[in-house]
Amino acid sequence: MAVGYRDFMGVLRPYPALERLPEGEFVKIVYLRDKRALPDAIKRLFDRATVIPVKMEETRDVAEAMRFASGEVAGVNLGGASGTIHYVRRSLEMLKDRDLSVDWGPREDPLEGDVLPLFDGLLLDLSQFRGVEVHPENNTLRAEVGATWREVSEAAQQAHRLLPLFPVLPTNPYIGDIIGGTALLSSYAGGPESYLRNVDFLGADTSYSQSGFDLVPNNATGYDLNSLLLMMGRNLGIPISLTLRVLPFDRTRAIRFTFESWDGVLMALQAIADAPLEPLRVVFGDPVASAVGLDGGEGYTLEVDLGGAGEALASQEKALQATLGEETPGEGTDGLGHLYEAATREKAPFHLAEIMTSLVDLPDLWEDLTTWVGVRGSAFGLAGSMQEGGTVRILPFMRGDIRGTSTTGGPVDQALHRGDRFNRITELVKIAQRHPCRVRNTQVGQLLAQDTQMGKRFALARRIKQGVDLANIINPSGLLWVPQPR
Amino acid sequence: MVYSDLSYAYRRLRDTLGEERVSKDHMEQVLYTHDFASLPKQAAIQFRLNPDLMVLPKSTQEVVRVLRLGKELELPVVPRGGGTSLHAGSVPNLGGILLSTSLMKRVVEVDVDRRFLTIQGGATWDEALEAAEAAGMSFPLEPLLRRAATVGGHLSNGGVGIGSYKYGAFSRWVRSLEVVLPDGDVLETGERAFDLGSRNYNLTNLFLGAEGTLGVITKATLRLRAKPEGFAVAAYGFPDMATLGEGLRALTQSPVTPYHIGFFDESHLIMQRAFQGYRAWARGPRAELEQTPRVPALPAAALVAFEGSKDQVQAEAKATAQILTEAGGTRQEDFVAELLWAQRDQPYQSRRISGGLVAVEALVPLSRLEEAVAGATKLARKMKTEAAVHGFLTDRSSALLVPYLVTDERTLRGQLSLAFVERFHEFVLGLQGHPVGLGFLATYNLAPMFGPLVGMMQGIKNSLDPDNVVNRGKLVETLAKPPPLYPFSEFIVPPGLMRFGLRFLSAFRRLMPSQRIITRLKKRGV
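Chains A and B supply the protein sequences, listed in that same order. The first sequence begins at 377 in our numbering and counts up by one. The second sequence begins at 35 in our numbering and counts up by one.
Note that these hints are calculated values from the structure, not bench results. For each residue, glycine too, the CB sits at the ideal point set by N, CA and C. Be a bit skeptical, because a hint or two may be false.
[Claimed, not checked] Covered stretches of chain A (in silico footprint by chain B; criterion: 3 or more residues with CB under 8 Å from a CB of chain B, positions within the stretch not fixed): (1) 504-517; (2) 561-568; (3) 652-664; (4) 809-816; (5) 834-843.
Starting from the given sequences, assemble the full structure and let the hints guide the process.
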């Protein structure tokens with residue numbers, strides 16, 4: 377597995393962003409072999425590690441694979457279709473003398489655009505786990521990791537409950553990716569940590585455990601493992617199902633405001649943050665975002681979603697309109713708004729980075745980002761959401777097809793394959809670093825400046841990983857230290 | 035463990051903090067041998083409850099030095115805030131250095147634009163809330179014992195508080211913590227200016243509920259919000275706990291979201307009445323006592339508070355009144371609601387009448403609320419004593435239940451009542467709930483609660499505190515004094531043994547005479 381930086385100097389020449397990276401960072405990125413992050417020429421050089429995507433149908437299959445990976449058993453006997461078993465067995469036989477690791481993903485196309493395992497090993501496909509149960513009497517739902525956000529949301533609505541976590545871009549992520557870190561769901565009242573009650577997961581020792589409780593919260597006794605699983609992404613365990621809190625709801629209203637300039641959005645956000653309002657979601661976007669998801673036409677769009685009982689909902693809507701002034705009329709519709717309607721997996725834009733900042737520090741950052749979008753062209757846009765307390769999340773994104781980048785062959789795919797995406801992420805990180813904010817990308821961008829941005833927190837996360845997963849079986853590339861041969 | 039150089043440790047600490055902030059005085063040692071839960075004297079057989087040295091640091095750097103010294107000399111360091119823990123979380127079990135944060139009360143920074151308040155961990159919640167108020171902002175949550183509980187101490191113990199029904203757990207409102215890790219390293223867990231959520235290696239939540247076993251919280255950055263425009267509170271009486279449970283469940287099934295929903299059983303209301311009478315009696319003549327407004331004697335009561343925009347408060351109060359009245363509740367006069375609201379942070383005043391009490395907290399599913407209240411009462415009766423119960427809803431499916439036994443801890447039977455804690459915890463786990471806080475008395479509950487994850491938690495503790503310096507022998511394991519045959523080893527108390535010990539006390543308590551303070555008060559018409 378030893379790969380030297382200098383071996384690739386010639387290949388890197390057309391990609392200045394890659395070439396400027398320090399050696400350690402470069403090695404880390406290359407080892408991830410993200411299909412869309414790296415130019416084709418480089419990917420070919422790294423196509424060495426043997427990755428076996430395994431389709432999992434039952435929890436015991438996952439446990440079996442984990443035991444095999446940890447060396448506890450010599451063979452693995454997976455249930456499910458015979459063809460799958462045959463394939464897996466043959467593949468595993470080829471790897472029987474090697475050390476194995478395990479990564480996971482709730483998706484049918486595990487190699488597409490995801491972080492790939494650093495070491496030879498198993499990539500567990502959990503897309504068969506897609507059951508959803510709603511328990512209205514407890515105001516909770518339990519969803520298996522392979523269910524999509526929309527499936528979960530619709531199941532909740534059928535039981536007159538609302539899953540108060542929404543995407544900022546019109547995407548339809550797998551619910552398990554809340555733990556994986558790629559489902560960027562949030563609400564005005566906070567992110568998944570506010571609603572996640574329990575995760576059923578397999579730990580590094582292959583034990584099947586619950587990080588919390590289905591009926592009562594667990595943030596008062598013992599170490600908060602729900603938060604730890606969320607924070608550590610894919611590195612501490614393999615989740616099978618999630619229990620989330622849901623809210624009873626009567627009606628929801630989406631109120632959309634259109635502004636000619638960004639200043640109007642900014643003033644509206646400030647007014648909402650200062651007002652005694654309790655929206656479900658506040659999202660905004662530039663004209664590109666409006667065209668992609670908010671259906672707002674040419675201008676800047678702000679959408680505020682409200683929910684509640686009859687009179688209280690009406691008073692909220694009235695208060696919102698009073699807050700923004702009569703000269704800014706909103707257009708209200710029943711339901712969860714355009715973003716909800718536009719959410720699909722097939723034609724979703726994908727975010728390049730997630731930037732967290734405060735409302736006070738937003739104007740300068742936004743100005744720089746707008747300049748960047750202007751330079752990079754109409755394939756790029758900016759969307760964002762606001763949380764209570766004036767926290768703003770900005771998602772610079774690229775229009776395109778989240779799937780099939782290797783098959784559709786359009787201009788976006790060509791750009792991706794040229795390594796443009798990686799270069800754009802690098803640029804965004806550099807812009808963000810000039811402002812009081814934190815930037816992260818769940819895929820390659822995660823590597824960029826995490827050590828310097830997160831400092832001791834990052835180091836401590838690694839210590840926790842080492843303390844919990846002694847053999848470093850689960851997603852050993854996850855915390856991104858420069859790889860050592862196993 | 036080496037204890038031989040305590041005098042060296044004392045000199046080092048004195049040089050660091052100054053003589054006036056280091057003590058080895060015996061009287062002070064005794065003060066720190068218990069927290070809100072009075073431990074029976076017999077506990078000293080198994081544990082070294084007296085700290086060897088007590089220190090009062092004022093700054094983060096001083097805490098760093100104390101922890102580094104603890105690591106160097108292999109002395110356990112026990113952090114302590116206001117001592118309001120109910121389960122001996124801040125009481126030494128192996129002696130060592132007791133680090134009290136009570137002088138760390140400084141308001142470090144208030145940023146109204148970015149809506150945060152950074153305050154040292156030893157400030158009480160009253161002081162934190164006042165600081166927010168002084169800045170023209172507010173913080174939406176309060177712990178039950180906010181007057182004494184410190185910011186760092188309460189955050190180390192979780193969890194939830196008054197206002198959680200609407201605003202969630204404290205974790206949602208804590209942006210960042212400054213924590214001194216066991217090796218003396220200082221960690222900022224999140225960002226002050228904005229929320230990181232659970233991502234971006236936000237370690238804040240790891241330290242909430244860790245009961246001080248992973249480090250000492252020296253500063254907390256709390257998210258503030260604008261003061262609410264409107265506020266209202268209403269009280270409802272119910273014929274019994276079952277009807278109250280039905281009413282509260284109906285309320286949680288509606289989209290109405292009150293700020294706080296509290297509940298009280300008859301015994302708690304009797305104790306509150308008794309204390310109100312006692313206070314009036316202590317103040318003045320009998321005529322004044324009779325005119326003093328007191329909580330009515332009700333079989334069960336609920337207290338519902340609302341806040342938000344004026345219109346919203348009005349609309350939600352109206353909708354709530356309809357739901358609870360239809361469920362069999364009776365709206366009480368406004369003064370009752372105001373009285374109960376005013377006493378929300380003083381639930382145990384009756385301690386002054388009885389001479390002591392044993393309180394225990396647990397989270398229970400709302401669907402089994404009345405079962406939990408009845409079970410707590412029955413368990414207390416079995417132990418020949420009486421329980422009063424109060425609590426509040428933490429969200430739409432769970433409630434924090436706080437039963438307390440009214441005892442006289444000066445007597446042996448009063449001290450033995452602590453055994454109730456074990457029986458109640460076991461009962462709550464059977465209801466699919468769990469105890470809140472484990473300290474070193476109740477660590478045997480960790481395995482029933484988390485199963486194989488106990489190993490994971492021990493892995494986390496080991497990776498952050500490999501030398502086991504901070505709050506050693508708590509939460510993830512119980513350590514006790516070495517047994518006589520092995521004087522140089524620490525004794526890891528098997529969970530079963532701890533449980534057995536408390537059960538033995540419980541059985542012993544059942545052989546002793548009854549203590550029926552609440553029944554006596556009721557017979558007197560209190």
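Quick rundown of the hints versus the structure:
Requiring three or more residues with a Cβ within less than 8 Å of a Cβ of chain B, the coverage given for the region 504-517 of chain A holds, as 5 such residues are present. Only residues whose C-beta sits within less than 8 Å of a C-beta in chain B count toward coverage, and the region 561-568 of chain A has 5 of them, enough to reach three; the restraint holds. With 3 residues having a Cβ less than 8 Å from any Cβ of chain B, the region 652-664 of chain A passes the three-residue criterion, so the hint holds. For the region 809-816 of chain A, the proposed coverage by chain B is satisfied: 4 residues have a C-beta within less than 8 Å of a C-beta in that chain, meeting the threshold of three.
Given as covered by chain B, the region 834-843 of chain A passes the check, having 7 residues with a CB less than 8 Å from a CB of that chain where 3 are the minimum.
When the structure is compared with the earlier hints, no violation turns up for any of them.
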